[in-house]
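Given only the sequences and the hints, what does the whole structure look like? Please build it.
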Amino acid sequence: MYRRLSTLLFFSLALLLTGCGESVELHRNISEQEANEVIAELADKQIRAQKIPGKDGVAVRVKASDINRAVRTLDAAGLPKVARSTLGEIFRKEGVISTPLEERARYIYALSQELEATLSNIDGVLVARVHVVLPERIAPGEPVQPASASIFIKHDPRLDPDNINARVRRLVASSIPGMASAIDNTTKLTVVFVPATAYIEKQQLAYFGPFLVPEQDLGIWLISTFVPVLALLLGAGAWLVWRRRVKLASAPAPEIAHVNE
Numbered sequence: 485m486y487r488r489l490s491t492l493l494f495f496s497l498a499l500l501l502t503g504c505g506e507s508v509e510l511h512r513n514i515s516e517q518e519a520n521e522v523i524a525e526l527a528d529k530q531i532r533a534q535k536i537p538g539k540d541g542v543a544v545r546v547k548a549s550d551i552n553r554a555v556r557t558l559d560a561a562g563l564p565k566v567a568r569s570t571l572g573e574i575f576r577k578e579g580v581i582s583t584p585l586e587e588r589a590r591y592i593y594a595l596s597q598e599l600e601a602t603l604s605n606i607d608g609v610l611v612a613r614v615h616v617v618l619p620e621r622i623a624p625g626e627p628v629q630p631a632s633a634s635i636f637i638k639h640d641p642r643l644d645p646d647n648i649n650a651r652v653r654r655l656v657a658s659s660i661p662g663m664a665s666a667i668d669n670t671t672k673l674t675v676v677f678v679p680a681t682a683y684i685e686k687q688q689l690a691y692f693g694p695f696l697v698p699e700q701d702l703g704i705w706l707i708s709t710f711v712p713v714l715a716l717l718l719g720a721g722a723w724l725v726w727r728r729r730v731k732l733a734s735a736p737a738p739e740i741a742h743v744n745e
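Residue numbers (the numbering used here): 485 to 745.
For the record, the hints were derived by calculation from the structure and aren't laboratory data.
The reader is advised that the hints may include incorrect statements.
Between beta-carbon pairs, the in silico distance windows are [said to hold, decoys possible]:
(1) Leu716 to Ala527: 32 to 38 Å
(2) Asn520 to Ser659: 27 to 33 Å
(3) Ile606 to Ala527: 20 to 26 Å
Straight-line Cα separation of at most 25 Å, DSS-like style, residue types lysine-lysine; simulated pairs [claimed, not checked]:
(4) Lys529 to Lys638
(5) Lys565 to Lys539
(6) Lys535 to Lys547
(7) Lys529 to Lys565
(8) Lys565 to Lys535
As the structure is a computational prediction, the values presented were derived from the model and not from experiment.
Cβ coordinates follow ideal geometry from the N, Cα and C atoms, glycine included.
Structure follows, in structure tokens:
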């Protein structure tokens, strides 16, 4: 009897642990700060996430049932931010002589990366892209083509672009050679602001008795209620069996009548 009760309780607990949901990896090899930002953003949507330190960075895991919501939430928030290359990384000494054209291309790319990283640090900016054109003479004898830049900024809907437009133009114009006087020139310096589309969660609810709970959590609620009740019933049954055995053991032995032949 005890063995059957123990086996039943064991399988019930195993079922409970299984119902908690398998976790899947959402991001890997990101920095500690990026992982914290991701977890904080997911927490606002009641999505539980776990940080797991690794050799090359931090991994973030969520329940398999939450992966769809987690991806959409982070996409709307622009997280984690795209890693940018620095001038030092791009122009690292490698012992290979580059051509002037290669050096120019690397410099333009590095300059764009630095500006994108700086713009991304502005509160409310989710994604920043910068395309730079440096002054260049197309052919000998022709006039030098002036420098220009195009900036794309995807921002939080709560951010008013007019509050940062002047600062963005001033920052970019002062960072690119030949553009110091182009702050107000919309032909040479173009800034496009696009508000991000907020992820509006449409969560399916289901009744658990008189209560409404998320549909994906209904199984966990059922199991978490079933297991304690089952354990209570098993405990009560075991107690009754024990009481019965104690009563039988303490009962006086019946007297055996001896018949004289």
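Inset, instruction - Please flag the earlier hints that this structure goes against, numbers listed from lowest up. - result: none
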